[in-house]
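Chains as they are written, first to last, in this note's numbering: chain V, 137 to 543; chain S, 271 to 367; chain R, 799 to 1138.
Calculated directly from the structure, the hints in this document are not laboratory data. Remember, it's a predicted structure, so these values are computed and weren't measured experimentally. Errors might be hidden in some of the hints.
If the Cβ cut is set under 10 Å, some of the chain V residues that face chain S in the computed set are [as the list claims (entries may be wrong)]:
1. LEU254
2. ILE265
3. ILE269
4. THR359
5. GLU371
6. LYS374
7. ALA375
8. ALA379
9. GLU393
A short list of chain S residues far from chain V (calculated; beta carbon distances all over 10 Å) [stated by the list, open to error]:
10. LEU277
11. ALA284
12. LYS297
13. PHE298
14. PHE306
15. LYS312
16. LYS317
17. CYS318
18. GLU335
19. TYR337
20. PRO342
21. TYR343
22. GLN353
23. PRO356
24. VAL363
25. GLU366
By construction, the Cβ of each residue, glycine as well, lies at the ideal position given by its N, Cα and C atoms.
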Amino acid sequence: MRKELVKKIPLSISESLKIKKKIGKEVSVAIAEAVAQCKVDVISAYPITPQTHIVEHLAELVNNGELEAEYIPVESEHAAMSACIGASATSARTFTSTSSQGLLLMYENLFIASALRLPIVMVIVNRSISAPINIWNDHSDVMTMRDSGWITTFAENGQEAVDLIYHAYRVAEKALLPVAVNIDGFTLSHVIEPIELLDQELVDKYVPPLRMKYKLDPKNPITMGAIGVPEIYTEAKKAQDEALNASYRIIVNAWKEFEKLTGRRYQPVETYQMEDAEVALLIMGSLAETAMNAVDFLRKKGKKAGLIRFRLWRPFPLKDFLRAIGKIRALGVIDRAVSHGATGGPVGIEVRSALYQSNKRPKVINFIAGLGQRDVTVEDFIELFERTYEAISKKPKFSYEIYGVKE
Amino acid sequence: MPKDEGLISWKKLAPGMFILEPGNSTKFKTGDWKAFRPVLDKEKCIKCGLCYVFCPDLCYKRDEEGYYISNPYYCKGCGICAQICPRRAITMVLEEA
Amino acid sequence: MRPELKDFKGFNLKNLPEYEGFASGHRACQGCGTVLPVKLALKVLGPNTIAVSATGCIEIISSPFPYTSWRVPWIHVAFENSASVASGIEAALKVLKRKGKISKREKINVVVFAGDGATFDIGLQFLSGALERGHDFIYICLDNEAYMNTGVQRSSATPFGAHTTTSPAGKVIKGQVTWKKDLMGIVVAHNIPYAATASPAFPIDLMNKVKKASLITGPTFLHIFSPCPTGWGCKSEDSILVAKLAVETRIFPLYEVIDGRYVINKFIGHTPITEKSLLGKYGKYVLEKRVTPQKPVEEYLKLQRRFRHLTPEQIKFIQKRVDEEYEKLVKLSEYFGIEE
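If we strip away everything but chain V, and leave its shape as in the complex, we get (with noise of 0.2 Å):
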């Protein structure tokens, strides 16, 4: 799993007194450490498998007086968003987490926290949606929510997660926009990983304390959530919609200076051997790194493949993409979730639709695998990479494709 260290032996010394940072932690437990690190004030969730983890610990660190929060124990979904609307309302730095059928029951709540600016920053640790009721990992939670109007991450290892919750609540509160940061449910929330925590006095700096000008103060009384009359309703989504887009930016940047603090680098659209590649799958979440061994193994057999991640993926990050996407000649983009009845996946979709803003054309593939945490492995994936070969010259039969289906 951690490439680095494997590609790095022996180490010099400043490097492995880097590792000596990284200790091992349950990824659940290290966002909720991370969260806690941010000072955040009013924790409201429910609990769902497999989120459960990182809010038992908030409240562990809550009640151990670790962690100077309200942690509200709300009794639904609907409950913990509303709760966070009312808590960032009054400027609160605020944090909940779900999955699957919690974020649907969430749903409504969803728009109109994105559309009252309120900064609030969610993980969702991405769980299939019923029916049939399957608690286990792929993204079909996460891709209901694409129109809501919420800035959506997406994390692929510990570290990631971990890095991802700093910068979810140092754009929130820039932008004035909720932040979704999306964790693979089991295969990341609940593995050990060798996970660094950035020092206290950085995280002070990198996420400074939460400064709101429109909020509920009887100093300051304003009106919130006023009724959008069709005089006004148009004008207030395009104001929406131009905030999200100028969301961009300040992301943009807030990974910049992430880099400048850490050393890490994170871009809204990440590449793995990309240079010179002919051929590209497009996958988001932990299965990526599987495939980074299918295109190792592609390379060594001399095939010019390579691997295209989404970090960012609303505002969706369209230059980015056409840039990353070079002079391949075929896409195959690896879906985790249903669209039923549509012309593809859900990335799929958005990816045809992307590539029709430019003039590269590479032949796309769509392919949905890994529904409710069923096994991709490496072989897999270089069976997919074969699929997307074919493309090139053979037109798939049909817009999408279920893999891995039994007959």
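For chain V, the structure is supplied; the task is to place chains S and R on it using the hints.
Frame of chain V, contents of chains S and R only:
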């Protein structure tokens, strides 16, 4: 050119479409809703203030003499004040066109 | 006896607070009985208040962009979750005070204005959760006995026999077939420090109850009867009269439950078993130290078009059930009465 356009520019909206001026509904005239208007007989009035307490539109204000006078700009002519006045000092009179 | 209420002094017409938290120019119907409790409550709570509204009549009439009738900070999120939003606001205020970001000395009231639809039906879960968690806020349920804002559809607060658009008085089924949900019973079961019923026909009593609720630390609940001339089919000037009759016919009794102990504020047509001793015990809670003669329910029902289809059997049933529930309330106030 679109025929239908918004009230104000999207650039002038507060983020979240918040309304920043508290109580600015006072700019909106509800007084033309009324069909009847209240008329006070000062002889009967005991200045108890019940009309001021019961008015749903907060029309009543006390003048220098202590009488409560209704504000026709907002009064919707519901008639509650006339009904609850303990001395029947208020009568609802048809509003002229 | 709640220490916060020990030295409580009520309002009277001569010492009403001057502050108006609600402004004229709102779009409520003529004679709206739902706006009155909002106006009176904000008068009592003062400018150091954060108000939350559920979607409904009050929210719609008070916040059509670009106008707002609220002079206090106000937020509207969605229909059912006003209690949870208030929980979040209360928690934020608590922690911000602890961290020194807000002055600890300022008491900021958190109040929810929600209709009967938002409280009895879709918002019941959220109310229950917020009450159970013990947040320090006031939940005011403005009960106009139907989903008025969307066009008078029935809710579980609609009284038996009433005509609404989704429980119409048809040829086969005549109006609402179920009895009004006992929400005070549900709320009292959460063991909150203070719950009370109030009516805009008794404005001083209503204001006193809001004041008591604001003095008590912990969740408090007010069930306020809100006449709706538009939806009930009565004349706009009759809304206060209808509210008064609801109390005087025992249909909407005025009582308080303080730490699970019941006290009736207005005796209608009955004498508590040992009236003199009880009056001495909780004399400060009663509005009048005398018994108001009971009026028959017909006087209340005949003023409203939503009841005009009622048969004599239905009216008899209503009278019987109303009397039974009032007797139950009297017994509760005797066996679980206020203790000093």
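Here is how each hint holds up against the structure:
1. Checking LEU254 of chain V against chain S by beta carbon gives a least distance of about 8 Å; that is within 10 Å, so the hint holds.
2. Given the 10 Å rule on beta carbons, the hint for ILE265 of chain V is violated: about 29 Å separates it from the nearest Cβ of chain S.
3. Because the closest C-beta pair between ILE269 of chain V and chain S is about 36 Å apart, greater than 10 Å, the hint is violated.
4. A distance limit of 10 Å between C-beta atoms decides the matter here; for THR359 of chain V the minimum to chain S is near 4 Å, and the interface restraint holds.
5. Nearest Cβ of chain S to the Cβ of GLU371 of chain V: about 4 Å, under the 10 Å cut. The hint holds.
6. Interface hint status for LYS374 of chain V: upheld, as the beta-carbon distance to the closest one in chain S is roughly 4 Å, under 10 Å.
7. With a cut of 10 Å, the hint placing ALA375 of chain V at the interface with chain S holds, because the nearest CB-to-CB distance is about 5 Å.
8. The restraint placing ALA379 of chain V at the interface with chain S holds, with a minimum CB-CB distance near 7 Å, inside the 10 Å limit.
9. Because the beta carbon of GLU393 of chain V sits about 23 Å from the nearest beta carbon in chain S, more than 10 Å, this interface hint is broken.
10. Remark: the non-interface label on LEU277 of chain S conflicts with the geometry, its nearest Cβ contact in chain V lying 5 Å away (cut-off 10 Å).
11. A beta-carbon of chain V is positioned within 10 Å of the beta-carbon of ALA284 of chain S; the least distance is around 6 Å.
12. At the 10 Å boundary, the C-beta of LYS297 of chain S stays outside the reach of chain V, the nearest C-beta of that chain being 14 Å off.
13. With a closest Cβ-Cβ approach of about 13 Å to chain V, PHE298 of chain S is found to remain outside the 10 Å limit, as its non-interface label requires.
14. Distance to chain V confirms PHE306 of chain S as a non-interface residue, since its nearest Cβ pair spans about 29 Å, more than 10 Å.
15. Every Cβ of chain V is farther than 10 Å from the Cβ of LYS312 of chain S; the closest lies at roughly 37 Å, confirming the non-interface assignment.
16. For LYS317 of chain S, the shortest C-beta to C-beta distance to chain V comes to about 32 Å, beyond the 10 Å cut-off, and the non-interface label holds.
17. With 10 Å as the threshold on Cβ separation, the claim that CYS318 of chain S sits away from chain V holds: the shortest Cβ distance comes to roughly 31 Å.
18. Non-interface call for GLU335 of chain S relative to chain V: holds, since the shortest CB-CB distance, roughly 33 Å, exceeds 10 Å.
19. Every CB of chain V is more than 10 Å from the CB of TYR337 of chain S (nearest about 31 Å), matching its label as outside the interface.
20. Against the 10 Å criterion, PRO342 of chain S stays outside the reach of chain V, whose nearest CB is about 26 Å from its own CB.
21. Every CB of chain V lies more than 10 Å from the CB of TYR343 of chain S, the least distance being 22 Å, so the non-interface label holds.
22. In this structure GLN353 of chain S is separated from chain V by more than 10 Å, as the shortest Cβ-Cβ distance comes to about 32 Å.
23. Every CB of chain V is more than 10 Å from the CB of PRO356 of chain S (nearest about 36 Å), matching its label as outside the interface.
24. The claim that VAL363 of chain S lies off the interface holds: its Cβ sits roughly 34 Å from the closest Cβ of chain V, which is beyond the 10 Å cut-off.
25. The Cβ of GLU366 of chain S lies farther than 10 Å from every Cβ of chain V, with a closest approach of about 32 Å, so its non-interface assignment holds.
Checked against the numbered hints given earlier, the structure breaks hints 2, 3, 9, 10, 11 and satisfies all the rest.
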